[in-house]
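Chain by chain, the residues run as shown.
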Amino acid sequence: MNITLDHILAGISAGGQYALIAIGYTMVYGILRLINFAHGDVFMVAGLIMVYISASSLPIYVSIPIVLLGTVLLGFLIERAAYKPLRSAPRMSVMISAIGVSYLLQNLALYITGGLPKPYPAIPWISDSITIFGATTKRVTVITPVVVIGLVVVLVLLIQKTKIGMAMRAVSKDFETSQLMGIKINSVISVTFIIGSFLAAVGSLLYFSSYQSVIPTSGALPGLKAFVAAVFGGIGSIPGAVVGAFIIGICENLIKASTEMSIFSDAFTFALLIVVLLVKPTGLFGEKVIDKV
Amino acid sequence: MNKKRVCTLVDVLVIVLLFALIAFADTKLNSFDILAKILQKGAVFALIAVSMNLLNGFTGLFSLGQAGFMLLGAYTYAIFTIPTTEDRLAVYKYYTMTMADGTETGGLVQFALPVAAAILLAGLVAAVFAFFIGLPVLRLKSDYLAIATLGFAEILRAICQWKGLGVLTNGSNQLRKYPYFKSILPYFLISGVCIAIIALLIRSTYGRAFKAIRDDEVAAEAMGINLTKHKMIAFVTSSFFAGVGGALFAMYQNTIQAKPFTTTLTYEILLIVVIGGIGSISGSVIASFLYIACSEWWLRFLDADGVIPGVTRNGFRLVVFSAVIMIIVLFFRRGIMGDKELSTYRLLGGLTPKKKKEVSGK
Chain A
1 MNITLDHILA GISAGGQYAL IAIGYTMVYG ILRLINFAHG DVFMVAGLIM
51 VYISASSLPI YVSIPIVLLG TVLLGFLIER AAYKPLRSAP RMSVMISAIG
101 VSYLLQNLAL YITGGLPKPY PAIPWISDSI TIFGATTKRV TVITPVVVIG
151 LVVVLVLLIQ KTKIGMAMRA VSKDFETSQL MGIKINSVIS VTFIIGSFLA
201 AVGSLLYFSS YQSVIPTSGA LPGLKAFVAA VFGGIGSIPG AVVGAFIIGI
251 CENLIKASTE MSIFSDAFTF ALLIVVLLVK PTGLFGEKVI DKV
Chain B
294 MNKKRVCTLV DVLVIVLLFA LIAFADTKLN SFDILAKILQ KGAVFALIAV
344 SMNLLNGFTG LFSLGQAGFM LLGAYTYAIF TIPTTEDRLA VYKYYTMTMA
394 DGTETGGLVQ FALPVAAAIL LAGLVAAVFA FFIGLPVLRL KSDYLAIATL
444 GFAEILRAIC QWKGLGVLTN GSNQLRKYPY FKSILPYFLI SGVCIAIIAL
494 LIRSTYGRAF KAIRDDEVAA EAMGINLTKH KMIAFVTSSF FAGVGGALFA
544 MYQNTIQAKP FTTTLTYEIL LIVVIGGIGS ISGSVIASFL YIACSEWWLR
594 FLDADGVIPG VTRNGFRLVV FSAVIMIIVL FFRRGIMGDK ELSTYRLLGG
644 LTPKKKKEVS GK
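If you read the protein sequences in the order shown, they are chains A and B. FYI, in my numbering the residues of the first sequence are 1 to 293. FYI, in my numbering the residues of the second sequence are 294 to 655.
Chain B on its own, in the form it takes in the complex (with noise of 0.2 Å):
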């Protein structure tokens, strides 16, 4: 065996260990425990902008849509896995329904899904959307891209919260009272899994090309890339992760309301991206457990009085948050792992003396 081999072994090790923790601190920790919640949090963050990362970091197209798959994806979820037919009653109390034999129901769905279906439903809804919201929008270029996906999520979210389809989306009111994960580890599973695949279809033919796209569009349609195809599977893979990321984003909040998927929320998650570096899968996974963190977490005692007497009040966190994120914005514009990928080989080498390059040619 080489010694790549043995390092991917490590990798491979150090993976399962860190689940075998997770299912250990499962057994230690209470759900509502602060710890758990950023795990859980941090688990369906990391999801979300892996499949962000895909998109702007891989295949260079700067979109701006993610809060609008996932909300997508997490009303789908909550849609069809309410389970009986007195919760459909108390949850859509302003949209009840009356069958032809006179009985009241609440909203139209009359069935709930199991969990694993409604969660994979999530993801395709938001693909299915995506298809079409791609098929105008991806001839767009950068920035005129951008704005064009952060107007089909405001869209939708407008959708969503209108009175027309209450029966379906209870309006702007919240969808509640289905079933969510308690403990943490079905996120870390879920997670996990659909991580794994995206990196998966980076490392394939199909990512390739996309970081061809990434490099130069004109080239790589030079070289035979179909660059429309390409680029709608890029949108739409990564708007399927965004749509089961935002069904694990529903039970992790375990009511849902079209109110939070906002720009702002993209942004955020853009900024998760960045911190980690564009362009790598395992930048963004620490990234968003470190984001996640510090904002949920180890900042909070900035939001106490006192701290620094006068200047400390609630919301000094968040300044000082970003004014952080400005600087790793600024000066520090690889990111955290730049667009390299975190692994036990890349460690070790780090450690051996690097044969200098030659620099050929001036």
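Same shape as in the complex, but just chain A (with noise of 0.2 Å):
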């Protein structure tokens, strides 16, 4: 095993990148009581969106807030279209249109791209090669962290200190409460949504300026992986979900450094998720639940 600062590096930067999707994860299940599967292809679209607004060759200060604009728009609308109808149905019903929403998605991506892998624009400054320690990176792997952390603490200000967080913490407390007591609930889980969502599309532009290339699959394993992280942290907390995710970036990147179990990199992750479930279904930080009858 040759384990170097390099995979530390990109094991950090691949936690943090996992951890912006988690946090969309975490929070729609909190509220919902749902995997939202087409999360992960919200991710995928948001690199696809970018790729396609570079080509018009608009400025950085645009292209970026569109790309944000453009994926927030995406997690509306499916919500809206998708999951709303079936708000009263069981949850499976739920689940299944989840993985239409996610087979659509990759397959409307399929046809757009015409399969080919599509080459990621390079971000200007983001994307330059730095060296620290002696290990060449590029910018993104640095800058990473630093971009989680801080949109963690405004994510939890926003849920702590504003009336939205308090409808937010309240409708996932208590459904059915919580609209009697005047919540409206379909601005809050719009809103979830479009929190989360954001943060995916934050989540592509670093995770694909390390990775160069946008395919229609990219954002499926990916996805699962950030949702293992939320299970991992204990489901429904946002802290949880980053140190989760940041625990499965590093020991993921540990494990692909040895060149005989690198095909189990992926594996790792689901191995992870079982166990967790097995020995501690609440997370390292969540609640307890008690099963009512």
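Just to be clear, a hint being listed does not mean it is correct.
As the list claims (entries may be wrong) - DSSO-like mimics (lysine-lysine), calculated; alpha carbons at most 27 Å apart, straight line:
#	chain 1	residue 1	chain 2	residue 2
1	B	K475	A	K256
2	A	K173	B	K434
3	B	K321	A	K280
4	B	K504	B	K297
5	B	K475	B	K321
6	A	K173	A	K163
7	B	K456	A	K256
8	A	K163	A	K184
9	A	K184	A	K84
10	B	K470	B	K321
11	A	K84	B	K434
12	A	K280	B	K434
It is worth saying that the hints were derived from the structure and are not from the lab. Since the model is a prediction, treat every value here as computed from it, not as a measurement.
Relying on the hints, combine the two individually framed chains into one complex.
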């Protein structure tokens, strides 16, 4: 095994990117009790939007806001079109709908890209190479943890201090009672999806800057891993999701460092998931759930 | 004879007629004919969809591990049926072993089972794995169960591609040169027998216990149903038939690789089950033939350039197809059959005016 600083840096960076996706999962799950299988694909679409926007040679300070806005709009529309009509349906139906959306987005991406991997544009400054402690890497690797921690702090403040944050906490505690208390749950859910998609878009800017190309299925695996991170950290808990994501990102890249076992770098994540579900289903920071009959 | 019996007899006759028709089609169609390919693939997917329906529709266990068990079945079948030493040497060319007497052989398995035995073994291997996976996983509920089974399927896929097991699984290379059925009838016969067994299981006391668990776990337990045991029976049976289905899938494909057994494959099977109706065997069967025919054949014209200028090109078929699926998922949640079965009795019952059900005690 040859663990170098490269792998640890790559791990921290990947962890940060997973963290941004994982927050979207954990917030949606906290409120709707739904594994939003389409979230990883929203992340992939954000990457594709960037690819196509940059082809039109707009300046970077215009194209990035467009990517963020486009992704937010997509997340909002998915919730309205595919999840809202099923609000009173059994949970399995909503999950199937999420799987259907994921399938649709992937096929749409396949159609638009023609199945070819689309090279991700180099974002100036972010994609530049730098050298720290003798390890050469892109600047994005160093920026990612900073961006993630900054965004998480803002998000936690939003949830703890603002009115909409209070509404979100109420809805995640008890869906029906909060409805009776006059909280407009539909707008709360929309805000949740908007925040989740926004973070996924930021995540995609960072992720694809370090991976170079976008294919229709490139959202599926990061999506699942981010979900595992959310479960590992305790679903519903934002700091938990971030910690879980960093642990998964680092472990995965350390496994990749060994050529013998590198095929198991993805399997490791799922093995971790199963262990967590069996040993401590509430995760690292999760709240204890009492089953009511 | 009462009316119901006559109708059952008609059902049996229709099925026999169907098989006769398939046997006739075999004499007319080439094995590479699109219709033949679709009938074969449809039969394979029908079995896998019904096996998934047994879990998701009848027992209420939302499992997403079907691709993993198919993978086990497909690999078991392929590994144990490569017929001759030369073929094995050609297939396992990167994983040759040197025997005690100095001769080189390909792979670890140095014998070939008869096809029927290998298919059975494929199911058994999947079932044994399902048993050990089920021990921890079946304690989980709804979406956690889904994500855990999905995780196991991904782990199985990684293991099959691992170089360390290369002498058995050929690493990430293809397995090929194993025997397969060229005609359509064998696929229909095996798939049909397996589906019939599942149908009988569902009509037995076990099946009733499954449905009770689906409807209300707590109530079912209170009625004396052993939850762990029955969930395990459903999980292992479903995986057994997914394994058999995987073996058939390997035959249909002629070559097999771990790569296509991703979660997307599981999702496709799940969507077939949903389209057919969750909790309907005949629905799953109809839906799988429809699904395969639409995705491989009937919607092909959408991929051609110029049908609608500027819009139709490679890949458009799948967009239309997945949009239709979304419409079904959102607005026709009951699918084609709901939780009913297709039978002559029901068809006739639909024609005669029904007695109005009385709504008692509002």
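Now for the hints, and whether the structure bears them out:
Between B:K475 and A:K256 the CA atoms are separated by roughly 42 Å; this puts the pair beyond 27 Å, and the hint is violated. At most 27 Å may separate the alpha-carbon atoms for a hinted pair to count; A:K173 and B:K434 meet this at roughly 20 Å. Restraint check for B:K321 and A:K280: the C-alpha separation of about 60 Å exceeds 27 Å, so the hint is violated. Simply put, B:K504 and B:K297 have alpha-carbon atoms about 24 Å apart, close enough for the 27 Å limit, and the pair holds.
At most 27 Å may separate the alpha-carbon atoms for a hinted pair to count; B:K475 and B:K321 meet this at roughly 13 Å. Between A:K173 and A:K163 the alpha-carbon distance is near 15 Å, which keeps this suggested pair within the 27 Å criterion. At most 27 Å may separate the alpha-carbon atoms for a hinted pair to count; B:K456 and A:K256 meet this at roughly 15 Å. Under the criterion of a C-alpha separation no larger than 27 Å, the hint pairing A:K163 with A:K184 is consistent with the structure, at around 12 Å.
Between A:K184 and A:K84, the direct Cα distance comes to roughly 13 Å. Compliance with the 27 Å bound is thereby established for this hinted pair. Distance hint between B:K470 and B:K321 is fulfilled; the C-alpha atoms sit about 26 Å from each other, no more than 27 Å. Distance check on the hinted pair: A:K84 and B:K434 sit about 23 Å apart at the alpha-carbon level, within 27 Å; holds. Restraint check for A:K280 and B:K434: the C-alpha separation of about 14 Å stays at or below 27 Å, so the hint holds.
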